[in-house]
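**Student:** Protein sequences appear in the order of chains E and L.
The letter at position 33 of the first sequence is residue 33 when you use my numbering, and the numbering goes up by one with no holes.
The letter at position 103 of the second sequence is residue 103 when you use my numbering, and the numbering goes up by one with no holes.
Do not take every clue at face value.
[As the list claims (entries may be wrong)] Listed next, the stretches of chain L that the computed footprint assigns to chain E, with coverage defined by at least 3 CB atoms under 8 Å from CB atoms of chain E:
#	segment
1	43–49
2	92–106
[Stated by the list, open to error] Here are the simulated DSS-like cross-link-like pairs (lysine-lysine), alpha carbons at most 25 Å apart as the crow flies:
#	chain 1	residue 1	chain 2	residue 2
3	L	K97	E	K57
4	L	K52	E	K70
5	E	K71	L	K97
6	E	K55	E	K71
7	L	K97	L	K56
8	E	K55	L	K97
9	L	K97	E	K53
[Stated by the list, open to error] Beta-carbon label-pair distances, calculated as ranges:
#	chain 1	residue 1	chain 2	residue 2	range
10	L	E16	E	M54	41 to 51 Å
11	L	E15	E	R14	40 to 50 Å
12	L	G1	E	S82	18 to 28 Å
13	E	T86	L	Y39	38 to 48 Å
14	E	G16	L	T26	18 to 28 Å
15	E	K71	L	Q81	36 to 46 Å
16	L	Y39	E	I77	27 to 37 Å
17	E	K53	L	A27	28 to 38 Å
18	L	E15	E	K53	22 to 32 Å
These are computed hints drawn from the structure, not numbers from a lab.
For every residue, glycine included, the Cβ atom is placed at its ideal position computed from N, Cα and C.
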Amino acid sequence: DVKVTQSSRYLVKRTGEKVFLECVQDMDHENMFWYRQDPGLGLRLIYFSYDVKMKEKGDIPEGYSVSREKKERFSLILESASTNQTSMYLCASSPPGQGKYEQYFGPGTRLTVT
Amino acid sequence: GDSVTQMEGPVTLSEEAFLTINCTYTATGYPSLFWYVQYPGEGLQLLLKATKADDKGSNKGFEATYRKETTSFHLEKGSVQVSDSAVYFCALSPDYKLSFGAGTTVTVRA
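If we strip away everything but chain L, and leave its shape as in the complex, we get (with noise of 0.2 Å):
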């Protein structure tokens, strides 16, 4: 079935450094993709998204690009802040479910 494999955690960073995740999927057609982020204690909101190839969803400054050669959609930010602390969520969905990853917890000292 359609799967979503995001790079483990915990990430710590400093300020104003380059964050990278990464996430690759296994799908049949051709699905959107999805990054959704969770800040402490709250629920998940959508970051970005791409609904088909070579399309680049931004946000915040975050960027993610749907490489269907690669099957992946690795999250970016060039410059990161405290309060990008959260967690990172990659969600794939073909249909109207949706397939998360483990999700990936991120620190961002000051």
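Next up, chain E with everything else stripped away, as it sits in the complex (with noise of 0.2 Å):
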């Protein structure tokens, strides 16, 4: 089975500190997703890479930078914490050329930003 596993299921931050969220797969996938989630707006990419050193920014990038140094690695960094960027935040992977294209999701991380 495919995992994907996220560094922590929830974090409190202060605002205006910097935040690192990692995203770890198992399965030598080339794409990944950083989304976030919040009530009645479903999920919203926020950037996704397509190989290593490779990113492009998804629907909502402001205040958001990427980091994926390493294909199983992919770091979602909030440069400089703010309460509106408290909200569940959910890591994904896919292999090209599969199942046009679904996409496997860690378990999320809670992020409270006070």
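Hints in hand, dock the two standalone chains.
**Tutor:** Printed below as a string of structure tokens:
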């Protein structure tokens, strides 16, 4: 089974802090994604990466950056956390050319910024 | 752009009732369609999928048919259980990205 893990289930940070959310997948997938999930809005794509060191902005990239130095790891960075970034963050991965294109999700990190 | 609209919840049902969650989409081309489920405290899991018109996806008693003429992918289950209580997301994928609906919360009472 594909396994996608996220470094924390719950995180509490202060406004202005730099926050790192880590995601690791164990299936050698090329594509990795970061979403945020908010009630009534579904999942919105923040960034995705289709290869090591490659990234593209999603629908809501403002206030976020990403890093992908190794194929299995995709990090989301909040440069200066703000209260409106309080949310559930979900990481996902998918291989190219399969199932057009189902994604495998981690358990999520619930981030609270105070 | 591509988008998905699904019925708003919350939906509350009794055990063994029939469940339908409506989903319609707007897309250019021929996307794949998915239903994902999120159980309390967990990430999303793929429930079922369909990759072309008239395909029927099915899993765990749930079914959905890709209807190109009505641009719909409604989710159905004939007899729900308490364990089906979850948030259900409809999604489409024209390429390697997914566009999600807002999610429908379903609660099944014993």
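**Student:** For every hint, state whether the structure bears it out.
**Tutor:** Hints and how they fare:
1. With 5 residues having a Cβ less than 8 Å from any Cβ of chain E, the segment 43–49 of chain L passes the three-residue criterion, so the hint holds.
2. Figure legend: the segment 92–106 of chain L, annotated as covered by chain E; annotation consistent (9 residues with Cβ-Cβ distances under 8 Å, at least 3 required).
3. Between the alpha carbons of K97(L) and K57(E) the distance comes to roughly 11 Å, so the proposed pair stays at or under 25 Å and holds.
4. Simply put, K52(L) and K70(E) have alpha-carbon atoms about 34 Å apart, too far for the 25 Å limit, and the pair is violated.
5. A C-alpha spacing of about 18 Å is found between K71(E) and K97(L), which places the hinted pair at or below 25 Å, so the restraint holds.
6. Proximity of K55(E) to K71(E) is assessed by CA-CA distance (about 12 Å); at most 25 Å being required, the pair is judged to hold.
7. Restraint check for K97(L) and K56(L): the C-alpha separation of about 22 Å stays at or below 25 Å, so the hint holds.
8. At roughly 13 Å between alpha-carbon atoms, K55(E) and K97(L) fall within 25 Å of each other, so this suggested pair holds.
9. This hinted pair checks out: K97(L) and K53(E) have alpha carbons roughly 18 Å apart, not beyond 25 Å.
10. Evaluation of the 41 to 51 Å hint for E16(L) and M54(E) yields a pass: the beta carbon distance comes to about 49 Å.
11. Roughly 45 Å separates the CB atoms of E15(L) and R14(E), a value that falls within the hinted 40 to 50 Å.
12. At about 27 Å, the beta-carbon gap between G1(L) and S82(E) stays in the expected band of 18 to 28 Å.
13. The hint said 38 to 48 Å for the Cβ distance between T86(E) and Y39(L), and at roughly 22 Å that hint is violated.
14. Between G16(E) and T26(L) the beta carbons are some 40 Å apart, a value that contradicts the proposed interval 18 to 28 Å.
15. The supplied range of 36 to 46 Å is met by K71(E) and Q81(L), whose beta-carbon atoms lie about 39 Å from each other.
16. At roughly 29 Å, the beta-carbon separation of Y39(L) and I77(E) lies within the given 27 to 37 Å, and the hint holds.
17. Between K53(E) and A27(L) the beta carbons are some 31 Å apart, a value that agrees with the proposed interval 28 to 38 Å.
18. Remark: the range hint 22 to 32 Å for E15(L) to K53(E) is contradicted by a beta-carbon distance near 51 Å.
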